[in-house]
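Trainee: Residue-level listing of the chains:
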Amino acid sequence: MKFGVIVFPGSNCDIDCFHAVKDILGQEVEYIWHDTKELEGYDCIILPGGFSYGDYLRCGAVARFSKIMDAVKVHAAKGKLVIGICNGFQILTEAGLLPGALVRNINLKFICDTVPLRVESQDTPFTRLYNKGEIIRIPIAHGEGNYVADEETLKNMKENGQIIFTYTNNPNGSMENIAGICNEKKNVLGMMPHPERACEEILGNTDGRRLFESILLSLEENRKHE
Amino acid sequence: MKAKVFVTLKKSIADPQGNAIKNALHKLGYTNTEEVRIGKLIELDLGDITAEEAEAQLEKMCAGLLANTVIEEYKYEII
Amino acid sequence: MKAKVFVTLKKSIADPQGNAIKNALHKLGYTNTEEVRIGKLIELDLGDITAEEAEAQLEKMCAGLLANTVIEEYKYEII
Amino acid sequence: MNNSYKAVGLTEKEYKKIIEYLNREPNELELNMYGVMWSEHCSYKNSRALFRHFPTSGERVLQGPGENAGIIDIGDNQAIVMKIESHNHPSAIEPYQGAATGVGGIIRDIFAMGARPIALLNSLRFGNIEGSERVKYLVEGVVAGIAGYGNCMGIPTVAGEVYFNESYNGNPLVNAMCVGIIDHDKIHRGTASGVGNSVMYIGAPTGRDGMGGASFASVELTEESEEKKSAVQVGDPFMEKLLLEACLELLETGSIVGLQDLGAAGLTSACCETATRGEGGMEIDVSKVPRREKGMLPVEIMISESQERMLLIVEKGREDEVRKIVEKWGLHAVTIGKVTDNGRLVVKDKDEVVADVPAYSLDSSGAPKYYKEYQEPLYIQQVKRLQPESVPEPKDYNETLMNLLSSPNLCSKEWVYKQYDHMVRTSTVVKPGSDAAVMRIRGTKKGIALTVDCNGRYCYLNPRVGSAIAVTEAARNLVCSGAKPLAVTDGLNFGSPDKPDRFRQFRESIIGIGEACRELDTPVISGNVSFYNETETQAIYPTPIIGMAGLIEDIDKHCTMHFKDEKDVIIHIGETKEELGGSEYLSRIHGLEKGAIPKLDFGTEKRHQAFILSAIEKGLLKSAHDISDGGLAIALAECCMEKELGIKVQMESMLRTDVVLFSESQSRFVVSCSPEALTELQRLMDLQEIPYEILGTVESEDFVIDINNKNIVALKVKDMKEAWKGAFQCFMK
Ligand SMILES: Nc1ncnc2c1ncn2[C@@H]1O[C@H](COP(=O)(O)OP(=O)(O)O)[C@@H](O)[C@H]1O
Ligand SMILES: [Mg+2]
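Residue numbers (the working numbering), protein chains in the order written: chain A, 1102 to 1327; chain B, 77 to 155; chain C, 77 to 155; chain D, 48 to 780.
For the record, the hints were derived by calculation from the structure and aren't laboratory data.
Built from N, CA and C at the ideal position, the CB exists for glycine as well.
Be careful, since some hints might not be right.
Said to hold, decoys possible - Subject to a maximum C-alpha distance of 20 Å in a straight line, what follows is the list of computed PhoX-like cross-link-like pairs (lysine-lysine):
1. B:Lys80 to C:Lys136
2. D:Lys646 to A:Lys1210
3. B:Lys151 to C:Lys98
4. D:Lys385 to B:Lys98
5. A:Lys1210 to C:Lys116
Unchecked claim - Listing some non-contacts, in silico: residues in chain D with all C-beta distances to chain A over 12 Å:
6. Glu72
7. Asn74
8. Lys341
9. Lys465
10. Asp603
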């Protein structure tokens, strides 16, 4: 399977995602420069964390205009997998690929910590190897991870099972304790926590591995059906 | 043509930063302060274009980049 | 009494944010944009005080808390 | 002779020296260039003579002091690059931006050597936080500034220290350290060589902000400093990230002869330093320098300290190649001059020569060098006197211990490091909260351990020994992580060198550091001096911060300070003596900052460190923690926190109970091992004549200490943890 990690100016978790795919999954992975116009041959696209364009003005506000984003939209429209982590999540909301927005943490501070998450749905290509209701521990590192959306949107998301991860102990003020959501078709996932930081014993946490393994399993099954 | 854009959080969106400043003002003795909301002031020099062109540009800039209409509202002024 | 405070970086101080946004606007085709500076807009509800009191408070609030005069300047408006 | 030299902070004698160099009077631009370059901050004119006390060479030293950063070999063709830098004065005036730009500056020093920055550390000092709105404001801003810059760069901030003391009321200290990794064959130096090679400029345009920052950092803070406001700038971590990536990519091409950051004294410094190192000269045209403002004068351009700028010395003919890579990163590269061979730094404004001076004369090699007067401070004799009997013993040790745990200097600093992304790059194996940070080196079995340490109170009471203790404590922190200490970078924060008593503190401190570094075989490979940390009424405690890096050959064998499992055996290594002088206990509980500080014996120190390291390498220890501020009781408490485990400790002692619990005698450790490992451990300790005492065992939730069969402390770890963890937040409210 082939993964692509998009590099925006200011991305800084790109290498962490790259390593997670290459070293943990043992799959092919390439960096994709933000100026690229096409995304051919990739099975899953990762928008990594960091501070694209310095996160000036608003997180992800400038990155969403990158050339690559049109290609990401096409990729997603085909039903292929896209995952945005942290800044990647912010970019996906700014680009309209996911609903809602992420605003400043309620305590107005950057928070770096490892926090418990509840897996709300295993019914996505990203979470099938977790159990619904399972509590996992995943690192967070963000200043603007406070998820907001209007009532209507929240209601729809709940009905469609689009809320995928919630915090058990809300660190940032997110509505409905939301830590991660997906689109209606469930092929685009955005999450503030960093699963790529929780894939190795030496780092003291492997709870994020199954997310990558779920993706791989889904891709492999898809390929069989094709 | 110069312009000012004012971007503020929608009323329905909580403003923790504004709250923090309100509390700080209370601590400093300005206990009469009832509300504080923090927004952005963006000053632009749009160069050599007409007021109409500026107006058209500003509308698009705001809706597209300068504000996120999911959470924010904007106003602008040409000066 | 309501008021608006505008806090901007002093002219001599670099504004990396504004600069980055200028570049973004250029990329989006607004190549006429010559300068962008980003400041803060602070909207205050000062409760039931007179305009003079508000004026006196605002001056002190700005100099003491709302702006750091080492790098910023401020203006305010009572409305 | 005119008096204009005074305005740029020079003396008449120095002005005459300039005339000697030039064989004429300098013009205004030249005078300003000398003014900034011969400031203490750039020339180390008052401190340089003392640096000979430092050991600076060794088998592993690839680059000692004198470059942008020092480099130490870690084997397999890899090396660590490190340096510490102060940003005290700017942070006092604009805490967020002052601290942020401090971080930005030190990162540039590291990648100027061609290294990839992999870790940041910081050491902070503030005035008394309890009840001071100003201190809270400074803490809030400084921490947010460090976080804002480091997090955006994607470089993890992995360790540091924060202390509060009255002496820092007027002068907070903000020291930032950066560590990078590099392959031996990729090391670059800030050298301008090869006649005809191009001098290129990349990064942010030059503005009027930060003008004369170097001389600003070299004077005492007064009301007037508030007026020198433009010396504070707004950092642009995004620009720096682009610069970093562009520079590292450029270095891969082989087109870059030299790389230099534009820090203190801006272009002036970068040009003369690279030219001097290259033993050639340089000619630049200021009209080509990208500017942010219209109408800037050559002098403004030459001494501006605008952030996020780099100078490249590029092989002639390869400028386009460079330009292309730089543009990919959204930046522009501009050729502003060329390397010459006449040893002169020539500045032109279009066709007109506006300055022409011997390059080395500006540089520290040509700057004046002073041997300052020194004299023992009056206070030293006074503070030495302390009658131990006069210190009343606490009645309730539970209360005393809880008080200490929730005091500003001993409480958890989680409030601080939670704001720092300490995990980005997924290499942080031991996060903040243990003795030292441990980073793995990807693709190898190796790891490095990093720490910064200094006990300012010790250095105040006894500058020489206190400074030596800063070095040994740093080494202990590394050793407890399973690392062999390799090298030191120092951040020397002092008062005015013009006052003989302050200068004596400085001198003593350097001698102490030198001696300790020689003993421990940890050469000083880089550092920074910050003087004039005083107000009209008060000088800071002498604060020589020691940054240290160590090597772990097998990362799987690293160790942390946390107790791991119930029933493990707790052992105290070293000897407790009646040494309450200068202790945190005396300061916090009795309000006394005096007494003789603990003695330091290098022989004992080395033996104990070697033992701890070998025991960790043999896999015999489950935890190791050095005993420092707060003594044995605090060390034990700290070991319990992470896993919320308790202890049952029984000791025998002839000493006073507060001495047993809170004495800060040196060269001591608390370790734990499994019951099975105990026999072997004891055999080794006996063999190596290590003094030790088996204290008891790790238990589930109660923290119990009995001395001479009498219960002294009985607390719930849960309550201790709550007090210790929550305290910082309370101080900030
Ligand atoms: N400013 C800071 N930045 C990052 N980490 C910090 C900071 N201050 C303290 N820490 C971390 O908190 C822990 C305890 O600090 P400290 O008590 O100074 O340790 P020690 O006494 O072992 O030197 C260490 O892991 C240290 O790295
Ligand atoms: Mg320690």
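Trainee: Next, verify each hint and record whether it holds.
Mentor: The hints, checked one at a time:
no., hint, in the structure
1, B:Lys80 to C:Lys136, "25 Å, violated"
2, D:Lys646 to A:Lys1210, "42 Å, violated"
3, B:Lys151 to C:Lys98, "19 Å, holds"
4, D:Lys385 to B:Lys98, "56 Å, violated"
5, A:Lys1210 to C:Lys116, "18 Å, holds"
6, Glu72, "46 Å, holds"
7, Asn74, "40 Å, holds"
8, Lys341, "24 Å, holds"
9, Lys465, "6 Å, violated"
10, Asp603, "8 Å, violated"
Figure legend: structure checked against the earlier numbered hints; hints not met, in rising order: 1, 2, 4, 9 and 10.
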